[in-house]
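Enquirer: The chain contents come next:
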Amino acid sequence: MNHDDLMQQIDLLLEGDISEAAFLELEAELTVNPAARKAYYQRLKLHTLLTTPADSDLADLPLSGSNEKNPATEWQNPKHNETEVSGRKKSFKTLPLVSLMGLMGLLLLGFMIFNPSISDPSAPNHLVKAEPIATGYAVITGQSDAQWKGKRLQDGDLVPAGNLQLEAGAVKIELFSGVTVVLEGEANFAIASPMELILESGRLRAQVPEAAQGFTVRTATGDVVDLGTDFAVVAGATASEQTEVHVLSGEVEWHGNESTMQTLHTGEGLKGEQRITAGKAFLGPDEFAQLQAEKQTRWKTMLKQLENEERLIAFFPMDGASRDQTDLSMHTRQGALVAATGSTDRWGSTNGAVDFSPTGSRARLRISGKYQSMTLMCWVQINSLDRWYNSLFLTDGHELHEPHWQIMNDGRLFFSVKAHEPPVPTPQNFKDKHIFYSPVMWDRSKAGKWMHIATTFDQQAGEVAHFIDGVEISREAIPDDMRVTHAHIGNASIGNWNEPKRDDPKFVVRNLNGSIDEFAIWNVALSPEDIAEWVKNSAP
Amino acid sequence: MAKASDQEIVEHLTEIQMALRLYVQSLLPGDASAQDVAQLANTVLWKKRRQFESGTNFKAWAFSIARFEVLSYRKKQARDRLVFSNDLQNIMVEELPEEAEDLQLRHLALKTCLEKLRPQDQELIHHRYTLRTPLAEVSEQVDRSVGSIKVTLHRLRNTLQTCIEAQVKATKTLAEGGQA
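Going down the list, the sequences are from chains D and G.
First residue of the first sequence? That's 0 in numbering that gives the first Met the number 0, and the numbers climb one at a time after it.
First residue of the second sequence? That's 0 in numbering that gives the first Met the number 0, and the numbers climb one at a time after it.
These are computed hints drawn from the structure, not numbers from a lab.
Each hint should be verified, as a subset may be incorrect.
Said to hold, decoys possible - No farther apart than 25 Å at their CA atoms in a straight line, the calculated lysine to aspartate or glutamate pairs in the DMTMM-like style are these:
1. D:Lys37 <-> D:Asp10
2. G:Lys2 <-> D:Asp10
3. D:Lys448 <-> G:Glu7
4. G:Lys2 <-> D:Asp442
5. G:Lys2 <-> D:Asp409
6. D:Lys148 <-> D:Glu471
7. G:Lys110 <-> D:Asp10
8. G:Lys2 <-> D:Asp154
9. G:Lys47 <-> D:Asp468
Nothing here was measured: the structure is a model prediction, and the numbers come from that model.
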C-alpha cells in the first residue's frame, strides 16, 4: 500500500466510510508495518484535536486565533455556553490529559467503526429500561434527621434523577464535580448534572472548589452561577417569596430572569433584586460534620443508660480493636472475636465495628436463661450475600428451642426457633421448626451501606416481625404447632455458625461477608415504635 | 487487598468526571447518547466500587468499565461494527501513551496551520468538525457533490498534517538547539 492509499484508507476509517474489504486490508497493513501505524497515530491526533468537544478555538476560527477560552472546562456547564461566564480560568495544563483521553477514545473508535447515522435520541431510554438502575450525578454523604418524601435515601446512595423532596432535617450531598451542598428541609430540588442543581424551594449552601467553577443553582426567579465560592441560596415555596442569595466567600453571578446580571462578592447578598448583607446562619459541610459528631455523642451517652435496662439480655457495641467483647447490659457478659477484624463503623470511626468477612470469623458468646419472647437487632453492612446462608446470630448446632437468625442469599431475612426434636425414624414432611422469612430486603445496590436489622419473636401476640431501618417489613403469625414454652440460647456466634460436629475439621462457610455493629438481644418483643425510636437515635 | 472507602471513591469519581465524559464521548462521537452512557458508567462504577482496590489505578479501572458500557451500548444499538484484531489492539494500546506526548505542541501547531487555510476551507473544517453539519447539508449550501466535499476534506487533512509535522519538527529542533 503506498502512502497516499494508506492515508485515504485511514481517513475513510475515521470518517466511518470504510468498506469491510478495505478495513481488513488496512488492519493487516497496520499490524505488520510500524510506519503505517505511525501515520495512523498522526492522523488520529489530528482528528482528536479537530474534534475536541466544544473547542472554541475552532468555533471562533473565522474571527480570531487568540481566543483564550478553555475547551476543557466547557463540559462542566454546557448549558451556559450562550451566557458567557466570566472568571472561567484558563487551565491549559489539562489539555494533554484531555487529548490523551480523546486519542485513546479514537484509538478504540478505530476498533469500532464510527457511523454517524447511529445517533438515536431515544437510546438513553432504552438503556435505562434494559438495565433498571438508578442514575445520578451525586452521592449522599451525610444526613441529619433527614425525612424524605417517597423513597428513603440513605448515606452512600446515588442521588436519583428527578425531583426530590426533603421534608425535614438536613442532607449533605457531594456532586461528582466536587461541589458539596447541604440542603435543609423543607426543600424541593433536583440535581440536573454534576454542575447544575435546581432548587424549587428550600435552603441550600454550596461549597464549590476551583475545578467546579461555573456550578449553577437554578431557581424560579433566576440562576446563581458560581465563580469559586461558598454561597447560600434560599428559594421560597411560593412565587411571592423572593429568592435570596448570600455569598459567604468568593464571588457569584446572579442572572435574574427579569434583570441584568449582577455580581455579588463576599458578604454581599440579594433578596429579590434588593441588595442585602449576606447572612451567616447556613448549615455548611463543617457545621454538618459537627452536627453528626454531636449526634454520635448523644447516642453514646444514651448507650450508657443501657446498664439499667432490665429488658436487655445483652448489648455488644462490637469493638473492632479488641479480641474481648464487653456486654454493656447489666449482665456484663464477655464475648470474644475469632478471626474477625476491625472495620469502620457507620459514624466513620475506625475499628468501631467488626468485619466478619475473613473466613472463620465469629464473635463467640454464651447467654444463659429462658425467654418467652425476644428481639434481635444490629447494625449491619453487607458486602455481598455470596453464601447460601449468611449468618447474623446463630446458636451452636441446631438444638431444641434455639433461635437462628440469618440472611438467605436471595436477600430475605431468616428467623426460626426449633420447636420439635425430630423423632427417630423421622417421618417425611416432618417439620421441626417454622421459618419466618422477610421479603427481599437486600440487593447489590445496598452493598457496603449500613442498615439496621431487627426481628421480634413475640410469643404473647404469637407473631414474628422483621424491621429494616426501623420500618416493619413483614409480620407473620406463629403457627400453633410451632409455639415453644420458651427460647434459649446457650453458646452462640455473631456473624457465623458453629456446627454440631466439633471433631470434624470441615465446616460450611456461613460467615457474613460484611460488618456488624451494636448487636442487641432483648427479652421482650420491642414495639415497632421502640424499634423506630432506637434507629432514629442511633442512625448517623 | 484494601477496599476503598466511599469517600475515596467519590473523590476518585469527582477527579475523573471530565476525562470519563471525554473518553466516552470520543468513543461515541456525534452520538447524542454519549452523555447518558457516561452517566450510566458512573452508576456502574458506583455499584461496583467494592471491586476497586485502594492504591490501584482508578482511572484505568474506570475506563475499562466505561469501555464495557460503550460496548454494551453499541450492542444494544445492534449495528454493524468493524473491530480491529486483538493483536493490533494490543500493539496500539502499548504504543499510544508515548504518541500522546506531543499533543499540546500539535494543538498549537494546528491553530497556526488552520489560519493558513483559505477562508472557504476554514469554513468547511468548521462545519465538519465544530458544527458537525451533515455533509449533505454542506453539499447543498456550496452546491457541490458530497463526494467532492469528501475529497476536499481529505486533501485539507493532508495539508494540515504536512503543515503540523513541519511546525512540530521546527519547534523540536529549536527546543533542542535552545537546550544545547
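Enquirer: Does each hint fit the structure? Answer for all of them.
Expert: Outcome of the hint check:
A threshold of 25 Å between alpha carbons decides the hint, and for lysine 37 of chain D with aspartate 10 of chain D the separation of about 14 Å falls inside it, so the pair holds. Our distance criterion of 25 Å between C-alpha atoms is broken by lysine 2 of chain G and aspartate 10 of chain D, whose separation comes to about 45 Å. A distance of roughly 15 Å separates the Cα atoms of lysine 448 of chain D and glutamate 7 of chain G; the hinted pair therefore holds under the 25 Å criterion. For the proposed pair lysine 2 of chain G and aspartate 442 of chain D, the alpha carbon gap of about 19 Å is at most 25 Å, so the pair holds.
Annotation: proposed proximity of lysine 2 of chain G to aspartate 409 of chain D holds, straight-line Cα distance about 24 Å (limit 25 Å). Note on lysine 148 of chain D and glutamate 471 of chain D: the hinted pairing holds, with a Cα-Cα distance of about 18 Å set against a maximum of 25 Å. Restraint check: the Cα-Cα separation between lysine 110 of chain G and aspartate 10 of chain D comes to about 21 Å, which is no more than 25 Å; the hinted pair holds. Distance check on the hinted pair: lysine 2 of chain G and aspartate 154 of chain D sit about 18 Å apart at the alpha-carbon level, within 25 Å; holds.
For the proposed pair lysine 47 of chain G and aspartate 468 of chain D, the alpha carbon gap of about 23 Å is at most 25 Å, so the pair holds.
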